[in-house]
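> Below are the chains, spelled out letter by letter.
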Amino acid sequence: MSTPDVRLGAWEAVRLVASREVTTKMRSKAFIITTVATLVLLIGFALVMKLSEGSGETVGVTQETQALAEPLKATAGQIGQSVDTTVVSEEEGREQVADGTLDALLVGGDDDQPLRVVVEKDLDGDLKNAFTVLAGQLALNQEIAELGGDPAQVQSSVASAQVDVEPLEEPYPYQPEQLVLGIIAGVLIYMSLLLNGQLVAQGVVEEKSSRVVELLLSTIRPWQLMAGKVLGIGFVGFVQMVVVGGGGLIAALALDVLSIPVSAAIGTVVWLIVWYILGFVMYSLVFAALGALVSRQEDVGGVITPALMFVIVGYVVGISVLPSEPDNTLAEVLSVIPVFAPTLMPMRLAMGGVPVWEMIVSVGLVIVLIPLLVWLAGRIYANAVMRSGAKVKLRDAMKPA
Amino acid sequence: MGDGRLEIDRISKRYGDVVALRDTTFDVRAGELFGFVGSNGAGKTTTMRITLGVLAADSGEVRWGGERITLETRRHIGYMPEERGLYPKMKVGEQLIYLARMHGLSAKDAKASTEEWTERLGVAHRQGDDVQNLSLGNQQRVQLAAALVHNPSILVLDEPFSGLDPIAVDVMSKVLLDKAAEGIPVVFSSHQLELVERLCDRVGIIRSGQMVAIGEVDELRSGGAAELVVVAPNAAPGWAAGLAGVTVREQDGDRTVLELGDGADDQAVLHAALATGPVTEFSRQRPSLTELYREVVTQETDEDAAPGAERNEAGVTA
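Residue numbers (UniProt numbering), protein chains in the order written: chain A, 1 to 401; chain B, 1 to 318.
Just chain A, same shape as in the assembly (with noise of 0.2 Å):
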């Protein structure tokens, strides 16, 4: 047998290492799980959207109360509600009702009451809303028809009357849709942190652990190793979080439960994926260190926490913040931070509101951090990653080989 050929180029080493990686999590039942299970959930979430949202009240009138039928759909309008009414018999009303055919039946009532709502248990919060706004001015009209005034030139006249509002600064214009969006963009990201993250310390503490990285080391530099891991480990978050935000945003497209542009729906996805990268690439190397430093699976989770506690911190403030006040201060300043930025900015964004300055710093720090946790989580790596054992002190691991 002839000596072959073993040369083998550097990044040829670490392309060896990130397929493995890729073939191995790709074929595991967590990868297929998690994936299908939060696209399912996504797509799930769309469908009740959609049937809430189609969900228009229909209400019964009667005879009796045919012409109020204008003026509750008119209301009930003005308050974003959409009522369609049917006319009925009172008896019919009543039996339609009790099947759930209808969501209400306005019938006439005496006259301290003129409207009487027929309900199967409960009026729905909005109805309610229609219908007392409908009672009061009803009840308007009649004082003022009473006093010889005209109610509809009242009304035109109330209608037309506005204040001017000047604002300072120009608020953005939060929309809920948004705010849900954001927040789905918050729990992917970080579901897709957490679990990829510490897929790439699991796997460097099974390799020492097994003492394989013994055998891999006599072949290729620890450098290779770490990056072929974080790279393979970070392709395969990379196809989740574009099979799950792909088929979110085809889903709510083809559902069409969306009403804000196209355009910004493919804007929170890509920002996404952009923020993943971005996340994944800077804590992964830390975890990748960090994994590094210990010689059993068991002791991982001790070891990465502290890192982890950033990830948990910044979604902590999204998630219970930004919902209910999109333009936080705090959220703001956090979110431009690097260990912050990657939960934090993409549910910011997908909010909408962002400046663009504030997009490019927090982006350029992370881009500027990158090359600095390279370097570091390099050393940590080669220093501790053939020491089994007794965990390796950070301090003794950043000292030059």
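You may find that some hints are simply not true.
Claimed, not checked - Take a look, some chain B residues computed to stay more than 10 Å from chain A by CB distance:
(1) Glu-83
(2) Leu-195
(3) Val-217
(4) Arg-249
(5) Leu-274
(6) Pro-287
(7) Glu-291
To be verified - Only part of the chain A face toward chain B is listed, based on derived beta-carbon distances under 10 Å:
(8) Ala-13
(9) Arg-20
(10) Arg-211
(11) Val-212
(12) Val-213
(13) Glu-214
(14) Leu-216
Please keep in mind that the hints were generated in silico from the structure rather than gathered at the bench.
Beta carbons are placed, not taken as given, at the ideal position from N, Cα and C, and that holds for glycine.
Could you slot chain B onto chain A? The hints should help.
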């Protein structure tokens, strides 16, 4: 690439205050099976890890074919670490192909080589199983396959025989002899000295990080203190006491075991024995590797008692 010899040249390594290796030097010639013996903690594993570059030496160098070993040339080494290492949750076949590719083989060659070695080592039918589901013996075979799958030009095996059943020992021995016969240097460490004695062309004994004996097995044995066994039924106890350079080791009835020091004349001993009457047995005995090893290794305690009394070292290091 010169003569394909693996040279370990004056490598030293300390761990804090502990000296692990002190100017350890030896070489393994192409086509030679070299046995590396020494007690636990003597420095065998450290030497091998430095050879493989997974550990950096404080000083000294490792050369192959006269050239200092680099990461690139290191891929020619087949290595079996002392603490076995394979991915527990990866299939045997995929794992071997992966390791072969990591040593620079093409996908096609890696596949062919995996087939060949799993076949030769009798684990071909387990290719589709995860390593963790294999018996320890089979894991060991896969580990050896991992050292061989990239068709290495040097073999460095740390305790390849530990934990093997007799059949597996035969398989392993055959593979090592075959590889040496192909003309590559093969070095392995072991505590099974009979095995080392039987298989190896040359042996190196390491003690406290220093090579204390290197040479062919026969050469080492003849270098050890020679012993004479004399059976003289009529001899009175103490018959050999006055002979120059002779120490009585053992006296058991008519059987006397004598140790011959430097310059002692065995013929003079024979004459003295004959003078007592008939001599029914007179033989020169050479120590086995095990005895030699004990002698060399226990010097540590002798040395502690009398520093500098390295009486055998000069003689043995041929």
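> Please go over all the hints and tell whether each is borne out by the structure.
Status of the hints after comparison with the structure:
no. : hint    : verdict
1   : Glu-83  : violated, 4 Å
2   : Leu-195 : holds, 24 Å
3   : Val-217 : holds, 28 Å
4   : Arg-249 : holds, 45 Å
5   : Leu-274 : holds, 60 Å
6   : Pro-287 : holds, 36 Å
7   : Glu-291 : holds, 34 Å
8   : Ala-13  : holds, 7 Å
9   : Arg-20  : holds, 6 Å
10  : Arg-211 : holds, 3 Å
11  : Val-212 : holds, 4 Å
12  : Val-213 : holds, 7 Å
13  : Glu-214 : holds, 5 Å
14  : Leu-216 : holds, 7 Å
Hint 1 from the list above is the single one not met by this structure.
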